[in-house]
Amino acid sequence: MLKVLVACGNGMGSSLIIKMKVEKVLKDMNMQFNIHHASVGQAKSDAKNFDLVLVSRAFVNDFKVNEKTKVIGLVNLLSEEEIRTKVSEALGL
Amino acid sequence: MKLEGFELTRDFIQLEKEITNWEEAIIKSSAPLLKGGLIEQSYIDAMIGSVKEYGPYIVIAPNIALPHARPETGSKLVGFSILKLEKPVAFSPEEEHKVLLLIALSCVEASTHIEMLQAIVTILSDEEKKNAIFNAVTADEILEVFN
Numbered sequence: 001m002l003k004v005l006v007a008c009g010n011g012m013g014s015s016l017i018i019k020m021k022v023e024k025v026l027k028d029m030n031m032q033f034n035i036h037h038a039s040v041g042q043a044k045s046d047a048k049n050f051d052l053v054l055v056s057r058a059f060v061n062d063f064k065v066n067e068k069t070k071v072i073g074l075v076n077l078l079s080e081e082e083i084r085t086k087v088s089e090a091l092g093l
Numbered sequence: 001m002k003l004e005g006f007e008l009t010r011d012f013i014q015l016e017k018e019i020t021n022w023e024e025a026i027i028k029s030s031a032p033l034l035k036g037g038l039i040e041q042s043y044i045d046a047m048i049g050s051v052k053e054y055g056p057y058i059v060i061a062p063n064i065a066l067p068h069a070r071p072e073t074g075s076k077l078v079g080f081s082i083l084k085l086e087k088p089v090a091f092s093p094e095e096e097h098k099v100l101l102l103i104a105l106s107c108v109e110a111s112t113h114i115e116m117l118q119a120i121v122t123i124l125s126d127e128e129k130k131n132a133i134f135n136a137v138t139a140d141e142i143l144e145v146f147n
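These protein sequences, in sequence, are chains A and G. Numbered per our numbering, the first sequence spans residues 1 to 93. Numbered per our numbering, the second sequence spans residues 1 to 147.
Hints listed in this document are in silico derivations from the structure and should not be mistaken for laboratory results.
With a straight-line Cα cutoff of 25 angstroms, these simulated SDA-like cross-link-like pairs (lysine to any residue) come out: (1) G:K98 x A:V60; (2) G:K35 x G:R70; (3) A:K86 x G:K130; (4) A:K44 x G:Y54; (5) A:K68 x A:A38; (6) G:K98 x G:A119; (7) G:K130 x G:E115; (8) G:K35 x G:L8; (9) A:K24 x A:V71; (10) A:K64 x G:E53; (11) A:K24 x G:A110; (12) A:K86 x G:E94.
Covered, in the sense of this in silico footprint (three residues per stretch, anywhere, with C-beta under 8 angstroms from a C-beta of chain G), are these stretches of chain A: (13) 1-10; (14) 16-22.
Since the model is a prediction, treat every value here as computed from it, not as a measurement. Built from N, CA and C at the ideal position, the CB exists for glycine as well.
Extracted from the complex, chain G is given alone in its bound form (with noise of 0.2 angstroms):
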């Protein structure tokens, strides 16, 4: 997937056993993001603060979670990264928070931010799309199915 600035490779997937708990998988899910200079340390403090403060509501949908956080607590550049974990990670001690893929965005005051949900978003609404990310066992396999 290509977006203006920003373009979707091997190095911003990573796939994973499992995960301590969730503060851990958002920290794994966007290291990509802040390596790649696309965040700073403070959104991903920003991404566990809201977790903290508004509850597990980036859960958008059973076993999917999308950590994001404001643009101005230090995300720099569009993109977004992918963990997927092969045992669930809790978000909350309900069943429905609990979590296999997470999609950390970096998002940015801009159009592209849209585009870039939205391409997420039509990706995700495709069961087959779906299920081959869940069924994946390479970052390539993750890589095609968003190419």
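Bound conformation, chain A alone (with noise of 0.2 angstroms):
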């Protein structure tokens, strides 16, 4: 089960932005995951206890994480195929 945190600055847009499409590419990739959204004060300290986190670009360099966790910053929140190619190759797929 691939454990996934969203996150962004208050926790009420962009990281749920994120989550919805996350999800739509993750389900097309078959992947058995649990998904959880949270704001970044939050995420940060979260964050060791997921193996992938998602966030705005603006965002990574706040993310000082341990090897098995892997943060990926997302330009264009819209577009699942850029979602898809970050997690594809986080994921080493």
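With the hints in hand, could you dock these two chains into one complex?
Dropping the structure here:
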């Protein structure tokens, strides 16, 4: 089971948009996953418990995590193609 | 577009040639929400504050920004308002943070918030609808895309 965390500044906007898109992409990829969303402040301390963290590119440098957790920064949150490519790369698929 | 307690009308759609800077763009884009009593002035300050604090992350895709803040900073009713510009406004010196379309969100802690985001994201993910918004010259044309 892939554990996914999405985050944004206040947890009301971009993180929810990423969540909608990531759910669709991972379903299309036939992945088993669960997904949580949070504000960046909260996510920074929780990130280590997840396999994948997806955020707007502006937030990538806020995350300093271990090897196990992959952090993905997105430029176009509406692009399923960008999410698919970056997730596949992060998971070594 | 109709949500529980909100219907998008022409009053929530503005078209402008250009705007001085991103702060003004946020203020202008959310003015109909303030006028309609959906948000308080403090919410506008918080929207600007969150960009100052976190950077231009409200630019969710090339040319598109969704200004918003936490509900407790002063939003009262769910809804959104649209500002379309002819000349892009910069949210950072980077090319990817130039914005032509702002959709200011009045966020409330309720399922209607997700409904609103889902509806907006569905429209903006549809190339044809997105282009129709970018090419629109009147509020009615934009309204038509959302309805």
